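2 protein chains.
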Amino acid sequence: MSILVVGSVAFDTLKTPYGVREKIIGGSATYFSLSASFFTDVRVVAVVGEDFTAEHERVLTSRGVDTRGLERAKGLTFHWGGEYGDNLNEAKTKFTDLNVFENFNPQIPQEYADTDYLFLANIQPGLQTQVRDKMPRVKLVGGDTMNLWINIKRDELAETLKRVDVLLINDGEAKMLAGDQSLPRAARKVLEMGPKAVVVKHGEYGATIFFCRGAFGLEAQHPFRAPALPIDEVHDPTGAGDCFAGGFMGYIASKPELTPLVLKRAMFYGGVMGSFAVERFGPERLQSLTREEIDCRFDLFRSLTHIH
Amino acid sequence: MSILVVGSVAFDTLKTPYGVREKIIGGSATYFSLSASFFTDVRVVAVVGEDFTAEHERVLTSRGVDTRGLERAKGLTFHWGGEYGDNLNEAKTKFTDLNVFENFNPQIPQEYADTDYLFLANIQPGLQTQVRDKMPRVKLVGGDTMNLWINIKRDELAETLKRVDVLLINDGEAKMLAGDQSLPRAARKVLEMGPKAVVVKHGEYGATIFFCRGAFGLEAQHPFRAPALPIDEVHDPTGAGDCFAGGFMGYIASKPELTPLVLKRAMFYGGVMGSFAVERFGPERLQSLTREEIDCRFDLFRSLTHIH
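Chains as they are written, first to last, in the numbering used here: chain A, 155 to 462; chain B, 155 to 462.
Rather than coming from a laboratory, the hints here were simulated on the basis of the structure. None of these values were measured; they are calculated from a predicted model. It is possible that some hints are incorrect.
All copies of an identical chain are treated as equivalent in the list; a pair is satisfied when it fits inside any one copy or across any two copies.
Said to hold, decoys possible - Derived EDC-like pairs: lysine to aspartate or glutamate, alpha-carbon spacing no greater than 20 Å straight-line: (1) K293 <-> E211; (2) K350 <-> E204; (3) K343 <-> D240; (4) K418 <-> D453; (5) K288 <-> E265; (6) K307 <-> E211.
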């Protein structure tokens, strides 16, 4: 089945202990699309500027991503500059040139009306709500957000959260959103805000999905934890979270029914895709990846965690 | 089979957001012994002072722990005071009265000479080495250490590490010991110092065991990760690491052979015992625990991580 992602397609200028890259393609919708494209049909709604060439677009289309929703606006493409220190856990933003992204007003092409799944990548919560309301027929809505919106757009975000089935955030965001330093308590408070499930990403320690009681036909309310791969050399963590979301949502969208088993396997595929993303700069690794490698790593993730 | 732990039996005065406790029994050997006692026969070598009463000792003996190696010295028992802030991740030491522990010179009773397994809890590395060399016949040696010894007794610790089969430390200690901020790289460097395996404890994110190539008959060198339980209310994290070690080593000692399967299950039992320890103050929870509860939580840990 098809999945639509609404988010940013951007340029990134990155510096990590392993090197530098100038103006390479990035953005949440790019990472999500490339990652999900290994599992299902992906459609993208985003805005780019006049400096976004046909060659840049081919990064997406060569993976089969449907870019009819990619709006071309007058001006320059969103450009983010960031630097990672030695432990590569946190990016230090050097500059954020929003450019055409500043006035992004997502339009859903008519051809996308039959989309089955929706992922609201990290954009202003007000825009997330608008998009979600334009897609009443989707089976499941995934969403992301960030500290900035939790701080300055809390009311708008509360509206969005009522419209999101599965929220994917990291530990710090979950704790900030809930105002609670205990992660399981924070997760429960977030679930009271609307989502049926919340996936909390722990970086190198994996991710945990917490469920609302009775959601997805689950008998018990126990969380489920997927590992991350202990990776010697993280070259560039940019996009790892969006790749996790792409693997998670993409796998779900590839299955006819959303069972607890599908959800658990989706958590593993999320971790797998995140682990590939960080091995090289930007989306480089995703461009050379095969489904066979993905399933091979899925088996490795299983052997990392399963007793038998 | 039997396991001997050499470490501290102490009094703790604790403050956490959930309350305070004055001079309750604690210490690495206490937590380890109580935890391991659910799996196998435990013997303890430690020193206490004149303020350590028969009632205190019954905390150990009522769980079947063999206390013939508990030396009574003139003076007061080691007394540690600590306080935990809101997120309960790190203890702030208020006082450390070493008392009789300052001149601890571990003596192994003759009756302990046939011990099968040895755990060197966190004491001066020089003493760990002495003890290990007095027990040449043990099948497997586990060990712990801390930042203090990594800083001020690095050479002595290097000697200890040559004599330890499985080292159990936390993320920060592993990175400090190896001088490397990448955890998998740090683990590999620690393995080059002597141990066949290193268990790195990640607190609420679980623990990972890394292996030397070919150790324990493992074909591949992949690490194995066990979860921690997402616990709403951590009342007191004191002793969680020693309880992990007790479950891990105790389970290993309970099995006739050390197979990869036993090691993986031991990682889970370690996490299980750590998760009980933090539910109540000091060793309170361990004193009321049953093996049935332990195995029930083992199944929960499995369901938290296993796809099927």
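Hints, one by one, checked against the model:
1. Proximity of K293 to E211 under the C-alpha cut-off of 20 Å is found in neither arrangement, the shortest distances being 28 Å within a copy and 61 Å between copies.
2. Taking CA atoms no more than 20 Å apart as the test, K350 paired with E204 passes in neither setting, with 40 Å inside one copy and 57 Å between copies.
3. Taking CA atoms no more than 20 Å apart as the test, K343 paired with D240 passes between copies only; the shortest distance there is 18 Å, against 34 Å inside one copy.
4. Both within a single protomer and between protomers do K418 and D453 lie at most 20 Å apart by alpha-carbon distance, with minima of 14 Å and 17 Å respectively.
5. In this assembly of identical chains, the alpha carbons of K288 and E265 lie at most 20 Å apart only when taken from the same copy (13 Å versus 77 Å across copies).
6. Taking the closest pair of Cα atoms, K307 and E211 never come within 20 Å of each other, the shortest separation being 32 Å inside a single copy and 58 Å across copies.
Violation of the numbered hints given earlier is confined to hints 1, 2 and 6; the remaining hints are satisfied by the structure.
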